[in-house]
Amino acid sequence: MDSYDAGLDGPFVQGDSSSDRAVPDLGPSPLAQADGADPEATVVLAQVRWLLHDAAEQVRLQAQAEGLSSAGHPLALGAELAACEAANLMAQPPLDDYGPEHVSAGVLDTLAAAECLTRSLPIDAFPIGMSGLVIRICDLLAEATPLRGAQQVGPVGRQP
Amino acid sequence: MTTAGWPRPPDLTDDPHVVWAHDRRSVGELLRDADHLARDLLLDLDGDQAAALLRTWGETVQAAAELWRSLPTPTPDAQGRADAEILTRLQAHAQRMHRRQLSMGWPGDGPADERLLRIAETFTRAASLVDRFHTQPPRPGLLAVVRADVLAARTRVIHTLHVASHGTGLAVRQHVQNELRRTHGSRDLRETRAVPRGTEALRRLEVFERLAGAYVGRGFVAAAEGEHQLQMNGVERLHSALVRWDIHAHRVTAYAPAPANLALVAATQAYIGTATFAVIRAGAETGELDPSIRVRAEPALEATQAAWADVAAQWRRLTDASTARTDPDLRATAAEVRAALLEITHHTTSPASTAEAAARADLPEAAHSLQQALTAAADLALHLQDTAPQTNANVPARSALAAYLAADATVFEGEPRPNHGHLGTLASPVDPRALRHNDLVPLPPPVAARIGAAIDLTVNAAATAMSATSGLDHSGQAGAGAGADREPPPVGRRLVDVHVQTKLPLPEPGWAR
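Protein chains in written order, with our numbering: chain C, 1 to 160; chain E, 1 to 513.
Rather than coming from a laboratory, the hints here were simulated on the basis of the structure. None of the values given here were measured: they were computed from a predicted structure. Among these hints, one or two may not hold up.
Said to hold, decoys possible - Pairwise CB distance ranges, derived in the manner of DEER restraints: (1) C/Ala65 with E/Gln385: 52 to 62 Å; (2) E/Arg24 with C/Ser120: 20 to 30 Å; (3) E/His184 with C/Thr145: 22 to 32 Å; (4) E/Leu102 with C/Glu66: 42 to 52 Å; (5) C/Glu66 with E/Thr88: 31 to 41 Å; (6) C/Ala91 with E/Arg182: 24 to 34 Å; (7) C/Arg119 with E/Gln385: 38 to 48 Å; (8) E/Asp131 with C/Ala65: 23 to 33 Å; (9) C/Gln92 with E/Pro196: 32 to 42 Å; (10) C/Ala91 with E/His184: 46 to 56 Å; (11) E/Arg24 with C/Ala65: 44 to 54 Å; (12) E/Gln95 with C/Ser69: 22 to 32 Å; (13) E/Gly110 with C/Gln92: 24 to 34 Å; (14) C/Gln92 with E/Phe133: 47 to 57 Å.
Glycine residues also receive a C-beta, built at the ideal position from the N, C-alpha and C atoms.
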């Protein structure tokens, strides 16, 4: 569909299906989906939750090994809280965890992957409250970035 | 589709329907790009960008408001009209903020922020498209799909403003922290004026963020959801957060002891132990707390942190995607505890130095609040010990099996293991049919025993930590040493307290078991 074609639906079409198949043509509004969750959004949320959970585990293991002074403790709790938030956004959680058995990426890459996943669908395709989760993940990314290679606070996760 | 690497569009002409020939994005795609630009802004921030962001903020909100007004009202009912007014409120708020900035003379003239400008241009482009192709007035019979699409467009606009306001607020907050650090100890009002004017801008941005967040979220929440607040010179936020946490943790442990909730309770308690040590260390190194408290508290806090972390790991192992939901109030209060502690122990996104932590909060007061939290934690551990055996937790079968295999290796270490039949110790107590469908099953006894052992350890460790930090009331402040120049000598009741405290022998670890 030509993006400028007013057509039946006018210019409000939420995506150009010829250029970006990941965008649904007509994204349901969050108000309209209060009773029923978009199954695709639920899968994305489950993946995001798994990645956040994995990031929390990575940081926690490293922080426990480093002791009380490790800078990883607040990041681990932050990632866990974000994982909880993602879980709470799923109206009907899937039975599967939607995560690989082992992730070779470091904490920063895992968090970045979670953030990228939230971009795979428009915000209105997700349940109400997703906007806050997006902000939380971006904040975690900012928190995790200084830890990479910061020798004075000890490395976190499997960062080089 | 991304906007990275695109040539800058030409300046807008007087023609509101100007069309850039190379820009083939639909309204939906433009709004998505604006969302991504706002997220990119959030990922690349520092305090030096605060002035440019504030200069451009009003323009961004103005562009969003123009786009908002060009969209038809999706629903003719009262709720639809009320929702449609949200951007009018946000725009008015941004205008008041702009006028206040003019009167305060900050940020003044200077460069704009390119990223916010790109967002504003994207909004303007979208408004131009809507104006050009959708000029008929709103009507009650608007097609349902179009109505849903308009609602989605409105959500994307507010979401973008929500994210961008959060990013702008973070930059301003970092700016204020930088100024506090730079002007620490200065009494020159010309030097320190950046702090109050930055603080005021931050408060206004926080209001904006909450208004926008209420539209795209679930409305206002009781707790602050872990968002940053600027209360540099006090521990009221910390104290309030810890009190609320204590209440919610006890409530959840008693009435909703699902593994996911218990894991979050234990993980937050572990973090409180870590943060307590950070505060005590900062206080001891700056002379605000008696250094001997640090020596006494460190091993006890390390033990209680490890014990709570182990309990959290045990419960966390029993959750998966289908059982990971946590109590929303519990999560919100845990986030608030974390945020309140980060305000003291962290500078921007890195651990604060001890001097910074001391400049940011009254460390003896913060340590006193944390000591009370550790006392409450000891009670919580006992509460958990009482309720855990009665907790008839049903957990996912696959998680139960994984936890069983892990517990099997620790509980029966060095002891003869029970015979489970022809498969020996590898035999699973979990029904294979339940495993196939990952049904909920009762907690296998070895797993329950392993958790019980971890809780017992936590009870002891929490009691020890409570004892070891018992000197963190006001009598734990440094006396005639380094801190004497900032504290008046104790008089009256406080003198009696100090005297009594110094006469008491040091508590032995575990005396309160």
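Checked hints:
1. Checked against the hint of 52 to 62 Å, the pair C/Ala65 and E/Gln385 fails, with Cβ atoms roughly 28 Å apart.
2. Distance hint for E/Arg24 and C/Ser120: a CB-CB separation of about 21 Å, consistent with the stated range 20 to 30 Å.
3. Distance hint check: the CB atoms of E/His184 and C/Thr145 are about 26 Å apart, consistent with the given range 22 to 32 Å.
4. At about 49 Å, the CB distance of E/Leu102 to C/Glu66 agrees with the hint of 42 to 52 Å.
5. Checked against the given bound of 31 to 41 Å, the beta carbons of C/Glu66 and E/Thr88, roughly 51 Å apart, lie outside it.
6. Hint check: C/Ala91 to E/Arg182, Cβ distance near 48 Å, so the stated range 24 to 34 Å is violated.
7. Checked against the hint of 38 to 48 Å, the pair C/Arg119 and E/Gln385 passes, with Cβ atoms roughly 45 Å apart.
8. In this structure the hint that E/Asp131 and C/Ala65 lie 23 to 33 Å apart at CB is violated, the actual value being about 59 Å.
9. For C/Gln92 and E/Pro196, the hinted distance range of 32 to 42 Å is not satisfied, since their beta carbons lie about 49 Å from each other.
10. Our hint of 46 to 56 Å for C/Ala91 and E/His184 holds, since their Cβ atoms are close to 49 Å apart.
11. Checked against the given bound of 44 to 54 Å, the beta carbons of E/Arg24 and C/Ala65, roughly 52 Å apart, stay inside it.
12. Against the hinted window of 22 to 32 Å, the Cβ-Cβ separation of E/Gln95 and C/Ser69 comes to about 47 Å, which falls outside the hint.
13. Take E/Gly110 and C/Gln92: their Cβ atoms lie about 51 Å apart, and the range 24 to 34 Å is violated.
14. Range check, C/Gln92 to E/Phe133: about 38 Å between beta-carbon atoms, so the 47 to 57 Å window is missed.
Checked against the numbered hints given earlier, this structure breaks hints 1, 5, 6, 8, 9, 12, 13 and 14; the rest are met.
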